[in-house]
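Peer 1: Given the structure of chain B, go ahead and fit chains X and W onto it with the hints provided.
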Amino acid sequence: MASAPALLREDQALIDYLLRLGDDSLILAQRLAEWCGMAPALETDLSLANIGLDLIGQATLFLNLAGEIEGAGRDGDKLAFHRDVLAFRNCLMVEQPNGDFAQTIARQFLFSTWQLAMFEGLTGSTEPRIAEIAAKAVKEVRYHAEIAAEWVIRLGDGTDQSRERMIEGFDWHWRFVDELFEGDALEQPLVDAGIAVDRAALRQGFDTTVNAVLREATLPLPEYPRGITGGRVGHHSEHLGHLLATMQSVPRTYPDAVW
Amino acid sequence: MYTTELGKGDPRGAVPLSGEDPALLAAFEARVAADEFIEPKDWMPEAYRRTLVRQISQHAHSEIVGMLPEGNWITRAPSLRRKAVLLAKVQDEAGHGLYLYCAAETLGTGRDEMTEALLSGKAKYSTIFNYPTLTWADIGAIGWLVDGAAIMNQVPLQRTSYGPYARAMVKVCKEESFHQRQGYEIMMTLANGTPEQKAMAQDALNRWWWPSLMMFGPPDDNSPNSAQSFRWRIKRDSNDDLRQKFVDISVPQAEYLGLTVPDPDLAWNEDKGGYDFGAIDWEEFYAVVRGEGPLARERMKARRSAWDDGAWVREAADAYETKRRARLAA
Amino acid sequence: MSRDWPLWEVFIRSKGGLSHKHVGSVHAPDPELAVRHARDVYTRRLEGVSIWVARSSDIVASDPAQAGPLFEPAETKVYRHPTFYDIPDVVKHI
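Residue numbers (my numbering), protein chains in the order written: chain B, 8 to 266; chain X, 99 to 428; chain W, 259 to 352.
No wet-lab data here; the hints were simulated from the structure. Please read all numbers here as calculations on a predicted model, not as lab measurements. Don't take each hint at face value.
What the hints assert, rightly or not - 35 Å max Cα-Cα, derived DSBU-like pairs, lysine-lysine: (1) 272/X with 296/X; (2) 421/X with 146/B; (3) 143/B with 279/W; (4) 399/X with 220/X; (5) 296/X with 343/X; (6) 421/X with 279/W; (7) 370/X with 272/X; (8) 296/X with 399/X; (9) 273/W with 269/X; (10) 279/W with 269/X; (11) 143/B with 273/W; (12) 146/B with 272/X; (13) 272/X with 85/B; (14) 272/X with 273/W; (15) 343/X with 272/X; (16) 279/W with 146/B; (17) 273/W with 146/B; (18) 269/X with 343/X; (19) 143/B with 272/X; (20) 143/B with 85/B; (21) 370/X with 296/X; (22) 143/B with 269/X; (23) 279/W with 272/X; (24) 220/X with 272/X; (25) 85/B with 296/X; (26) 269/X with 399/X; (27) 269/X with 146/B; (28) 269/X with 220/X.
Isolated chain B, as found in the complex:
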């Protein structure tokens, strides 16, 4: 790796912010790829794969940009396939195992509803390269959030079995919601500069949307337990290590190879 001049603190913060955005999309895409060929219907297989493809696209753009700003010869692939667990910056929600279809839908609904608000905000980012990525992604993510909501409603207001599973699916994920809205000392200067979005400010809109969909799905409103956090500083759940071991296995085994 070429030695680069030490990065300005602002640049490092921006890089970390981009990793947070990119890793969210990358890890969730990886989880969705596990559904390939296994979904409840062919059409649903296509829906999940479509979402996964969009997310890989987002991850590629964010991670490539992070590497470019870093200027140390790392591109999106280097970042995706050669960092270990402690260096990943995704939220805990996306690395959770898929569980059944209801648990997957619970995750998708919560994440995409939040991500939509994030990207809507980021279209106004003072960093034009982020604004551009967000503008493209917003349309996709709106679709993800809508189709996930439609599934929440059908599973919640479907059969007794589907309702139970939907409740359990959400129960798995409530503890990871708070983290989505938690800012920190790294992001605050970026927020002040208009580059990043104030996460906490998105919470109220999120709650309104989530509660409305849950009501329509005849599901009980959430009782949020104490939020588990740590993903943004590389302190992940036990799941991420296994996920990365699979995802990174080929490039790690052949480190000099180009694919």
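Peer 2: Just chains X and W now, kept in the frame of chain B:
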């Protein structure tokens, strides 16, 4: 078509051609001979309808089962671009299966009926998907050889006699050439890469070459139903003709990669203007057709799980719709 | 036997096009998911398309160009689909 000969003896004995109204039959044969398309509501002999249901549904099953050997590598694709492209390819295959199931449904069968036939072993799918994908190079070999063979079968079917099937094939063919290109491009990257990558590519070619040749079905002298399929434009070329064409196209492609085709009997024949190649192990082929392929159980288990585990989801959606309509009616 | 969802016919008007074209079918339990599935299956490479879906069983078909013994009159047979589903006529391509 590589699945027509599979599952020959259909026990639900249909009306044989001799039992059909001779005037209707003659008019039908004339239409087909004149290169016209037969559409869903047109009169057709029962044997034609049943043959098409079997061929189209088995083609659809092949696309769906075909998602599994490649789907096996999406989570391990070694770059972001390869990951996206492979996911898109497998998505396309789901879409192709979908187009084909819908075409078959116009002939009097339901998708759930076809799914049950696949899972019970009554319906077949292309033998090739019973083989395992062991390394990333297999993904390259599949795109190059398996999709290559599929394209050779499918291009002529764009003018098959049954309208919905022909239109499905047009859509499929449009998307298929990207599949083969991405596979061959992977092989090029590997063949020009590190020694381990090159060895991986050669190993994949060694394992996928012969099964790809088997995709074209049994030898012509062991395909008794062919004459009728030719006449009805369900089959446009003979198995052996397509297989020869495939070998002639693929050998130079392997040479360009600097890889060796695993056939010691391969030799250019100047007189016929094509390659002579070695004997295919037809024992292996028929064993795989019987359901004894290396990964046959895994493939069916995966599809059975997806179908069974997904039942509660499909039922929930149905239940919601029933409630919704009741609310509207109230 | 576990059931599959009913069949819907899909019509797409691609960007700049003038009229909707029949592109095929999808399975879906209800109208909203039918549109979603149609978008996922038939517009994977396009943007800005207009999608119409209709239950296959709701479509009424007539083909005056075809007549005589080669064309099965509608009243002798519900469409070839098995009676488990109420899915008869597929709209003919124009």
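Peer 1: For each hint, tell me whether it holds in the structure or not.
Peer 2: A quick look at each hint next to the structure:
| no. | hint | result |
| --- | --- | --- |
| 1 | 272/X with 296/X | holds, 31 Å |
| 2 | 421/X with 146/B | holds, 31 Å |
| 3 | 143/B with 279/W | holds, 28 Å |
| 4 | 399/X with 220/X | holds, 15 Å |
| 5 | 296/X with 343/X | holds, 26 Å |
| 6 | 421/X with 279/W | holds, 32 Å |
| 7 | 370/X with 272/X | holds, 32 Å |
| 8 | 296/X with 399/X | holds, 33 Å |
| 9 | 273/W with 269/X | holds, 18 Å |
| 10 | 279/W with 269/X | holds, 14 Å |
| 11 | 143/B with 273/W | holds, 18 Å |
| 12 | 146/B with 272/X | holds, 27 Å |
| 13 | 272/X with 85/B | holds, 34 Å |
| 14 | 272/X with 273/W | holds, 19 Å |
| 15 | 343/X with 272/X | holds, 21 Å |
| 16 | 279/W with 146/B | holds, 25 Å |
| 17 | 273/W with 146/B | holds, 17 Å |
| 18 | 269/X with 343/X | holds, 23 Å |
| 19 | 143/B with 272/X | holds, 26 Å |
| 20 | 143/B with 85/B | holds, 24 Å |
| 21 | 370/X with 296/X | holds, 33 Å |
| 22 | 143/B with 269/X | holds, 28 Å |
| 23 | 279/W with 272/X | holds, 17 Å |
| 24 | 220/X with 272/X | holds, 31 Å |
| 25 | 85/B with 296/X | holds, 22 Å |
| 26 | 269/X with 399/X | holds, 30 Å |
| 27 | 269/X with 146/B | holds, 26 Å |
| 28 | 269/X with 220/X | holds, 28 Å |
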